[in-house]
Amino acid sequence: MRVNNSARRPRNPLLLRTPEELEDDVHKFYDRNNLKDVVDLELLVKGARIAQEPDNLYTLSLTPAEFKAIKDEKESGFWQQSKDLKVTILTTACAAITQGWQQSTINAGSEGWKHDLSPQGEDWTQSHLLLGGFIDAAPWLSGSIIGTWLSDPLQEGNYGRRPALFISAVFCAACVLGTARCVTWQQLLACRVILGIGIGAKASIAPVFAAEAAVDHLRGRLLMMWQLFDTFGVFLGFACDWIVDRQWRVLLGTASIPALILLFLVFLCPESPRFLIRRGDYTGAFVSLRQLRGTDIQAARDLYYIHSQLQVETEMFDGKRPQNWYSEEIYQKKVRDTRFLKRIGKLFSHPRNQRACVAAFLVMASQQLCVRSTFSRFTLLDSSVKPRGRKHWIQMVPSNVRILGFGLANFLFTIPAYRYIDWRGRRLLLLISLAGMFLSLLAIGLFFRIETYTVRLALVSTFTIGFFTFFYGIGAGPVPFTFSAEVFPLAFREVGMSFSVMVNFLGLGLLVLFVPKLTDALGNYGESKLCFLFMWVFPVLSVACSVGF
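Residue numbering for the sequence shown follows the working numbering, beginning at 1 and increasing consecutively.
Among the clues, some could well be false.
[Unchecked claim] Think about it this way: if two alpha-carbon atoms lie no more than 20 Å apart in a straight line, the pair counts; the simulated EDC-like pairs of lysine to aspartate or glutamate are:
no.	residue 1	residue 2
1	Lys83	Asp216
2	Lys71	Asp55
3	Lys36	Glu329
4	Lys346	Glu156
5	Lys86	Glu73
6	Lys74	Asp40
7	Lys342	Glu315
8	Lys68	Asp281
9	Lys83	Asp55
10	Lys346	Glu486
11	Lys86	Glu75
12	Lys28	Asp72
13	Lys36	Asp24
14	Lys86	Asp422
15	Lys342	Glu313
16	Lys28	Glu315
17	Lys36	Glu23
18	Lys74	Asp422
19	Lys86	Asp281
20	Lys68	Glu53
21	Lys28	Glu42
22	Lys36	Glu313
23	Lys28	Glu329
24	Lys68	Glu42
25	Lys71	Asp281
26	Lys74	Asp216
27	Lys36	Glu53
28	Lys342	Asp55
29	Lys86	Asp72
30	Lys28	Asp422
31	Lys346	Glu315
32	Lys83	Glu73
33	Lys68	Asp55
Quick caveat, the hints were computed from the structure, so don't treat them as lab data.
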């Protein structure tokens with residue numbers, strides 16, 4: 001069966017082969033990769049037939065345990081998965097908590113370090129607003145420019161997912177502790193630039209690691225746990241802010257707790273099977289899959305299916321179709337020649353990757369253009385009611401309570417997406433989310449113009465913590481990282497995720513850098529004017545998302 005148009009290929013590449021071709025390929029695949037020490041040939045053939053057509057389950061001679069494992073797989077939830085898969089997801093969840101915790105402590109500790117580390121005793125809010133914003137934005141800017149692009153060489157060299165995640169956790173733990181001991185703003189800036197390298201690499205590695213470990217029918221939910229635990233980390237960071245009360249050094253240091261835990265968790269989970277296949281270690285990949293799936297038959301099925309996907313993708317990107325391509329090691333021949341810079345070039349030159357980049361750009365940009373991250377600090381602090389230049393760090397206890405409520409609401413409102421992201425789909429959730437945030441932001445912008453302080457504070461806090469955060473939590477929060485980790489072909493997943501996280505972090509960094517200056521420059525009701533400005537982003541993104549994916 002010859003199918004030259006890649007857009008018309010079935011999603012399952014094994015449907016392109018006859019049963020005879022399939023069995024012949026399995027025999028050659030088994031011999032080439034010396035799999036006799038880990039799996040029986042007959043079992044691998046059975047796994048390949050199930051991968052080709054799940055209904056073959058009823059015609060093959062499987063043991064009762066094998067039959068039950070395959071048959072019940074679609075109905076099994078997270079808690080019915082293997083111990084190693086649960087540990088892997090827990091590890092990536094810890095990485096997400098680390099990011100959320102660091103993000104919230106950077107936001108919450110901003111006023112504290114500006115009070116103690118002011119340049120030559122001057123007020124940051126009067127003379128150095130952009131410099132202060134740059135120091136707060138430094139982790140996200142360095143993460144987008146340096147950290148995200150370092151993740152691919154770390155993973156695809158001789159390290160793999162786990163050591164790369166370990167190295168990024170070392171950066172996160174060490175630099176966070178360093179920021180807590182800084183005595184000048186220059187030292188703080190240097191620590192945060194280095195911290196951004198770890199944050200950017202970690203955010204690019206962990207979702208890919210989770211995507212490659214997860215079972216198909218739970219992949220959306222398990223990937224969504226990145227955002228769920230990111231919001232949980234945000235809540236924990238704001239809770240620490242409320243507990244330590246004005247001790248900004250202690251607050252910044254607390255963000256090292258999940259990073260230190262991550263250092264130990266990362267080596268308790270198996271390595272990514274796809275990375276092992278890329279390295280040519282099919283034996284190790286089978287062992288890893290057996291740990292993740294729980295049975296030999298499921299591991300055999302997934303090993304051969306992943307191999308076939310990579311073969312087809314290599315043929316598609318190579319643009320050639322040699323005779324009997326399915327029985328040749330096209331992928332292993334090409335992967336050694338496809339280095340980092342070459343993959344970046346193909347990321348933007350091949351039509352399949354171009355479409356994935358546009359879709360990932362849209363969803364990642366939508367997460368930051370909704371300005372949720374800046375709301376967690378600038379809106380709830382309600383700086384518009386305070387005189388310009390006033391040092392109000394010592395008067396922030398009420399705002400800490402509001403921010404704690406925001407962090408809790410952000411976490412709780414993300415939970416419903418765990419149920420609906422696989423059931424209703426990514427696009428529907430994102431469209432509902434953008435529409436709801438448009439209306440919420442319109443209302444918040446109007447409320448900022450109310451003269452009475454207590455009324456304004458009550459309405460802004462209610463709509464920000466309640467309605468806006470709810471609509472963010474069900475779509476614009478969880479969808480971007482989930483979608484970006486899935487949308488790229490397997491051969492370009494690492495570099496594609498690096499691009500996606502770069503867009504996300506660059507948007508966050510620019511917002512943190514410029515929003516304080518813009519709010520100050522717009523004068524009275526600066527927050528209201530910014531809300532109206534960003535409000536019109538949502539209709540544009542809604543149309544783009546409808547067309548883009």
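Hints and how they fare:
Only pairs whose Cα atoms come within 20 Å are accepted, and Lys83 paired with Asp216 is accepted, the gap being roughly 17 Å. The hinted pair formed by Lys71 and Asp55 meets the criterion: a straight-line CA distance of about 10 Å does not exceed 20 Å. Simply put, Lys36 and Glu329 have alpha-carbon atoms about 18 Å apart, close enough for the 20 Å limit, and the pair holds. Only pairs whose Cα atoms come within 20 Å are accepted, and Lys346 paired with Glu156 is accepted, the gap being roughly 16 Å.
Of the supplied pair hints, the one linking Lys86 and Glu73 holds, its CA atoms being roughly 15 Å apart against a limit of 20 Å. The hinted pair formed by Lys74 and Asp40 fails the criterion: a straight-line CA distance of about 25 Å is larger than 20 Å. Restraint check for Lys342 and Glu315: the C-alpha separation of about 16 Å stays at or below 20 Å, so the hint holds. The hinted pair formed by Lys68 and Asp281 fails the criterion: a straight-line CA distance of about 29 Å is larger than 20 Å.
For a cut-off of 20 Å, the pair hint linking Lys83 to Asp55 is broken: about 28 Å separates their Cα positions. Distance check on the hinted pair: Lys346 and Glu486 sit about 18 Å apart at the alpha-carbon level, within 20 Å; holds. The straight-line distance between the Cα atoms of Lys86 and Glu75 is roughly 17 Å, inside the 20 Å bound, and the hint therefore holds. Distance hint between Lys28 and Asp72 is unfulfilled; the C-alpha atoms sit about 31 Å from each other, more than 20 Å.
Taking the CA atoms of Lys36 and Asp24, the gap is about 16 Å. The hint holds against a cut of 20 Å. Restraint check for Lys86 and Asp422: satisfied, since their Cα atoms lie roughly 19 Å apart, inside the 20 Å limit. Among the hinted pairs, Lys342 with Glu313 is consistent with the structure: their alpha-carbon atoms are about 16 Å apart, no more than 20 Å. Restraint check for Lys28 and Glu315: the C-alpha separation of about 18 Å stays at or below 20 Å, so the hint holds.
Taking the CA atoms of Lys36 and Glu23, the gap is about 16 Å. The hint holds against a cut of 20 Å. A C-alpha spacing of about 13 Å is found between Lys74 and Asp422, which places the hinted pair at or below 20 Å, so the restraint holds. Among the hinted pairs, Lys86 with Asp281 is inconsistent with the structure: their alpha-carbon atoms are about 23 Å apart, more than 20 Å. Distance restraint check for Lys68 and Glu53: the Cα-Cα separation of roughly 17 Å lies within the 20 Å cut-off, and the hinted pair is therefore satisfied.
Restraint check for Lys28 and Glu42: the C-alpha separation of about 13 Å stays at or below 20 Å, so the hint holds. Distance hint between Lys36 and Glu313 is unfulfilled; the C-alpha atoms sit about 27 Å from each other, more than 20 Å. In summary, the hint linking Lys28 to Glu329 is supported, as the alpha carbons are separated by about 10 Å, within the 20 Å threshold. Distance check on the hinted pair: Lys68 and Glu42 sit about 19 Å apart at the alpha-carbon level, within 20 Å; holds.
Restraint check for Lys71 and Asp281: the C-alpha separation of about 29 Å exceeds 20 Å, so the hint is violated. Proximity of Lys74 to Asp216 is assessed by CA-CA distance (about 9 Å); at most 20 Å being required, the pair is judged to hold. Pair hint Lys36 plus Glu53 does not hold up; C-alpha atoms about 24 Å apart against a cutoff of 20 Å. Taking the CA atoms of Lys342 and Asp55, the gap is near 40 Å; set against the 20 Å cutoff, the hint is violated.
Taking the CA atoms of Lys86 and Asp72, the gap is about 18 Å. The hint holds against a cut of 20 Å. Proposed proximity of Lys28 and Asp422 is contradicted: the alpha carbons are some 36 Å apart, above 20 Å. Only pairs whose Cα atoms come within 20 Å are accepted, and Lys346 paired with Glu315 is accepted, the gap being roughly 14 Å. Taking the CA atoms of Lys83 and Glu73, the gap is about 15 Å. The hint holds against a cut of 20 Å.
For the suggested pair Lys68 and Asp55, the alpha carbons sit about 14 Å apart, so the restraint of at most 20 Å is met.
Comparing the model with each earlier hint shows violations of hints 6, 8, 9, 12, 19, 22, 25, 27, 28 and 30; every other hint is respected.
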